[in-house]
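Chemist: Each chain, written out:
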Amino acid sequence: MSDVHDIGDSLSIDRPQIVEGGIGARVRIQSLFKDFAEVRAVDNFSLDVNAGEFVSFLGASGSGKSTVLRIVAGLEEPTSGNVIIGGTDATKLPPELRDIGMVFQDYALFPHMTVAQNIGFPLRMRLLPGREIAAKVESVMRLVGIEGLGTRKPSQISGGQQQRVALARAIVFDPKLLLLDEPLSALDKNLREQMKSEVKSLHRRLGVTIVYVTHDQSEALALSDRVVVMRHGHIVDVDSPERLYRLPATRYIAGFIGEANLIDGRIERAGPDTITVDCIFGKWEIPRSQVRLNPDQISAQKMVVIVLRPEELLIEPASQQPNIQLLECTISEVLYNGSFTQFDLRPKGLDIRLHARGQLGHDGRLGAGATARVGLRADRAVVVDSED
Amino acid sequence: MSEFSPTKADSKAFRALRLEPGLIWLMPGLVIIALLFVVPIVLIVWASVTDPVPGLGHYAQTFGDPLYRKVLINTIVSAIGATIGCLAIGYPTAYAIYRASGRLRMVMLGIVLFSYAVGTVPRTFSWIVVLGDHGIINSLGHFLSSDFQPVPFLYNQFGVLVGMIHVLLPFMTLLLLGSMARVNPNLEAAARTLGASRTKAFLTIFLPLTRPGVLAGAMLIFVYSLGFYIVPAVLGGAANTTIVMEIRDLALRLGRWGLASALSALIMAVSIIGAAAYVRVTGLSNVYARE
Numbered sequence: 002m003s004d005v006h007d008i009g010d011s012l013s014i015d016r017p018q019i020v021e022g023g024i025g026a027r028v029r030i031q032s033l034f035k036d037f038a039e040v041r042a043v044d045n046f047s048l049d050v051n052a053g054e055f056v057s058f059l060g061a062s063g064s065g066k067s068t069v070l071r072i073v074a075g076l077e078e079p080t081s082g083n084v085i086i087g088g089t090d091a092t093k094l095p096p097e098l099r100d101i102g103m104v105f106q107d108y109a110l111f112p113h114m115t116v117a118q119n120i121g122f123p124l125r126m127r128l129l130p131g132r133e134i135a136a137k138v139e140s141v142m143r144l145v146g147i148e149g150l151g152t153r154k155p156s157q158i159s160g161g162q163q164q165r166v167a168l169a170r171a172i173v174f175d176p177k178l179l180l181l182d183e184p185l186s187a188l189d190k191n192l193r194e195q196m197k198s199e200v201k202s203l204h205r206r207l208g209v210t211i212v213y214v215t216h217d218q219s220e221a222l223a224l225s226d227r228v229v230v231m232r233h234g235h236i237v238d239v240d241s242p243e244r245l246y247r248l249p250a251t252r253y254i255a256g257f258i259g260e261a262n263l264i265d266g267r268i269e270r271a272g273p274d275t276i277t278v279d280c281i282f283g284k285w286e287i288p289r290s291q292v293r294l295n296p297d298q299i300s301a302q303k304m305v306v307i308v309l310r311p312e313e314l315l316i317e318p319a320s321q322q323p324n325i326q327l328l329e330c331t332i333s334e335v336l337y338n339g340s341f342t343q344f345d346l347r348p349k350g351l352d353i354r355l356h357a358r359g360q361l362g363h364d365g366r367l368g369a370g371a372t373a374r375v376g377l378r379a380d381r382a383v384v385v386d387s388e389d
Numbered sequence: 013m014s015e016f017s018p019t020k021a022d023s024k025a026f027r028a029l030r031l032e033p034g035l036i037w038l039m040p041g042l043v044i045i046a047l048l049f050v051v052p053i054v055l056i057v058w059a060s061v062t063d064p065v066p067g068l069g070h071y072a073q074t075f076g077d078p079l080y081r082k083v084l085i086n087t088i089v090s091a092i093g094a095t096i097g098c099l100a101i102g103y104p105t106a107y108a109i110y111r112a113s114g115r116l117r118m119v120m121l122g123i124v125l126f127s128y129a130v131g132t133v134p135r136t137f138s139w140i141v142v143l144g145d146h147g148i149i150n151s152l153g154h155f156l157s158s159d160f161q162p163v164p165f166l167y168n169q170f171g172v173l174v175g176m177i178h179v180l181l182p183f184m185t186l187l188l189l190g191s192m193a194r195v196n197p198n199l200e201a202a203a204r205t206l207g208a209s210r211t212k213a214f215l216t217i218f219l220p221l222t223r224p225g226v227l228a229g230a231m232l233i234f235v236y237s238l239g240f241y242i243v244p245a246v247l248g249g250a251a252n253t254t255i256v257m258e259i260r261d262l263a264l265r266l267g268r269w270g271l272a273s274a275l276s277a278l279i280m281a282v283s284i285i286g287a288a289a290y291v292r293v294t295g296l297s298n299v300y301a302r303e
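Respectively, the protein sequence lines represent chains A and R.
Just so we're aligned, residue 2 is where the first sequence starts under my numbering, counting upward by one.
Just so we're aligned, residue 13 is where the second sequence starts under my numbering, counting upward by one.
Bound-form chain R, shown alone (with noise of 0.2 Å):
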């Protein structure tokens, strides 16, 4: 017994045992990545050059097809568009929010939790009630003057651009918010103090700060829109046809599995280059950093 040197063999077990737990407790999310994620983007790469046969048609149809590029362009220009009004408008939302105090903060807060728990479909219907060609804001033109021509907010670029800001900015706020939330108050003051007008203090205090969240947010919302499908499907055009509702044309209407699937990898692929060129940027930490 005393030859034996408990310690080593206690911490060859523990050692064993330390890394076991770890891969126990991983188990049920990499089996769901694995089942629910890895094997379908395989299958659909994988049906992307095979059917109906094998080669790379599809991928050369998808660049070569002015219809294909045209949605392509359709979805990213529609992406980038409703990133940048959700930054446009949730940043100097989230910072009003910021800056309020008490009762008032609650209330703001109150209101984009609010937004944020109806789903996208009702508002992104309730916009033809507002928009629409009888909707409120047509009829008090009609209302005011009698020679009025409605205007034509819907089915078209702007319709789109409105339902997905209007959807994705409650989600840009709180990303915001947080952000915001974790930068000292006294930081700005002592900008003022120091000589900084308030602008000077915004620019080069407060805004650098929440660069982090600006860049987490307006990526997660890029890549979150290009998958969009509710809101161009009712507020857009024939001309607005986004990328994922010819998918879905091509897959169910016309059983054209094989280009649905190279339309896909091709989507699936801009995410990824979007949310790698994140993480080059700023490094993943950076969501969670506390500075």
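In isolation and in its complexed conformation, chain A is listed as follows (with noise of 0.2 Å):
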């Protein structure tokens, strides 16, 4: 902390600064695998994270992503594999050779230690003078926004200060890379939102690797460079937050980030730009960008799946624009959410349940039960294969 330049410090603010390939570690998994007694958990894991990346693993309970964490953090040991962190095999090193902070679901503090006791822990195992440890502990704690509270036991702090202490004692020697264990599911969402914020501006302060592990999609979209959906132990599909949401790569991931249309069509035609896809609602045609298929699936008959966001679905358009398909419909339900609405639809004639997201009309007509016009945008949609 003491090359902090106090000049540009205050300039800096405001100017985004993304640390690439900074202070961070690389981290390359290989080929992972881990058997518990009877189950396969990690099931052919491989992974290049790049020096100062956010990652985040993002599954339900039981795919495997904090198995994955565990390993690289070197507290489970895999059946099969490579781990190398920052250039050398960590594979088979004990963890505290790792140099590696990791932030626990339950934070597991030592109770039995105060708060400045707790935060100075990694840097008297690393024998450093007194003088130094407390320097260091002081500056981390107004980093993370804990002054104060260095001589507490933190069963006398708040779940959120607690948050703030596990977080500080990660980072307070420095680590290249950061793990970081569900370390916000404990926390109300208030104080879930906030922190996010601050685990990410902490992020590009810090330049440090970053492997975040969770089961709030939100968490992963809002915090990540990079999300590695995991299911049943193996990856479905590493790619950016934006890219998984707008252009989902399988059935599974559309209906598993935000919320998804799933409209079941055939290709009718395979065009050099576009495919052809006849579903319930005719025959659409879909851009080559928007087709999650490999090329060589790309064939007449097909059986795939029309992934339609809820945005994408217009409540009443105000005028005829291309591309848009009107319909019908019935709305059975109206879910007001704050900065949106949801509406769940039955086009007329159909049989199929659409989901919306608009604004609720102020001339309150747009309830349960009456009628809509509703605009399909199929230049949005995106196909995917019909099987997970």
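Just so you know, nobody snuck in bad clues.
Only some residues are given here: those of chain A computed to face chain R with a beta carbon under 10 Å:
{"hint": "1", "residue": "Gly75"}
{"hint": "2", "residue": "Leu76"}
{"hint": "3", "residue": "Pro95"}
{"hint": "4", "residue": "Glu97"}
{"hint": "5", "residue": "Ile101"}
{"hint": "6", "residue": "Phe105"}
{"hint": "7", "residue": "Met114"}
{"hint": "8", "residue": "Arg125"}
{"hint": "9", "residue": "Ala171"}
{"hint": "10", "residue": "Phe174"}
Below, a list of computed lysine-lysine pairs in the DSS-like style, where the Cα atoms sit at most 30 Å apart:
{"hint": "11", "chain 1": "R", "residue 1": "Lys212", "chain 2": "A", "residue 2": "Lys93"}
{"hint": "12", "chain 1": "A", "residue 1": "Lys137", "chain 2": "R", "residue 2": "Lys212"}
{"hint": "13", "chain 1": "A", "residue 1": "Lys201", "chain 2": "A", "residue 2": "Lys154"}
It should be emphasised that the hints constitute simulated quantities derived from the structure, not laboratory data.
Heads up, the beta-carbon is just placed ideally off N, CA and C, and yes, glycines get one too.
Combine both chains into one complex, guided by the hints.
Modeler: In structure tokens form, the structure reads like this:
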């Protein structure tokens, strides 16, 4: 902390600094397998994490995401495969020699030590002189916003403060890699939103590589450079949050990340720039860039699923626009959500249900049971395989 | 009616009621403690200074007579030895059970509980079968070499300690396991990621957090050991007479109730000092503390 430039500091506040290839470690995970008694918890997991990158492992419980994290930390031994951290093969290295910071879901603060002793623990293990430990602890406590709590015991501070202590303890020794295992899941919603921004800005300021495990898609989307979607111990897809949401690669991802209308269809004709999909709403022409099938799978008669996000359904569109298919729908339910309203729709004469997101009409006409004109933005549709 | 303040009367009535049920529920316990604990202690202390003649003669004799001094020292040395032995064996045992998972843990715990359930008498006598001159170990030595001289395991301090540790070990193990089970298993993992070796993590995190259990266990085993009778009687020799054996001898064989009472009062004082020292160090609440 001593080499902070006083002049530059205040100027850089509103300048977004994305540290690419900064001080963080590069992590390479190669063909990782982990078998417990009868279950394969991790199934051929390979991933390269760039220096300074923020990568999330997103999956339901039992998807193996925490197991991979514990293997990277050295707390669990892989059945086979390698973990390379910052260029050295760490697969056989004990956790204490890997130089990683880790925040546990339950924080794992040492109850018999004060906040300052907790944060100073990794420095004491590294045999730093007491004066230096005190200075570093002080400065990291200021960084995470818990100054003045040093003499308290973990049991005497709030859950949010405990979370900050755990974070401070994991970064005080300037690790090159930070592992966060569902760090926000024990906090209530408002605090979680606030900590989300703080974790993100901490990442930007430290330039450390972060691997973040979560089952909460909004955390993964909001924080990450890339999201690893996991299921049954293997990787379903790795992509940027925006692409995962806008261009989901599989039916599972479409349903798992955000909400989606999934419409069954069949490829009728594969053209050079677009493909034509026959579905319940007729024949839709979809650009190749929105078709998430292997090129060799794109052939006539192939069964597919069309993914249409709820916000691509326009309730009572103002004027006729190109590429919009209009439907008469019965509104079966209206769920007001604050910033948006969810409409459950039944198109007239068709056996399908749709979800739309829009704004509640001020005239109160769009209640349950009412009829509405709905525009489907077929140009935003994504085509995925009908099987997972 | 309206002049009368019902809330005031109610609160008064409730205050009285609130006090009484507590006392009522305490009565059986208080009566039993008074009749079976306090009264006998008073009688013993009284007898120790009055029987057969008033005065502190018995206490003077207890400290002055080398025989009683030796018996007292024997008893305390055995109790300390048993406590240390139980800690030295019980802590690693409990730790192994704590670290084991699933089936193995159940089996290990089952063995401890089973040995806890078998009474002191059969377990004590079983050592004669193992360690006696014609026991398993000495027979094996004899089988291997015809010149083998039986090792005198029994009827000495060693035999007494083996028996006492054996009897008390399951008790100690369960006490320690209870305090270990309250330690969050993630704490050691966290310490490892923060740079502590396995040993360092154990010494700086796990051991301090189980300290209340260690102190509680040691105190209970020590006090319990002071009153041992069967084990030293069966496995000890004439030189290993403990204070309880001496008391029994004095009271029932020689009819010297006054001197027996004085010895009883002394051993009780040592027990109470042990318990008080424990409370002084840890505070009573620490036996149950959740951290």
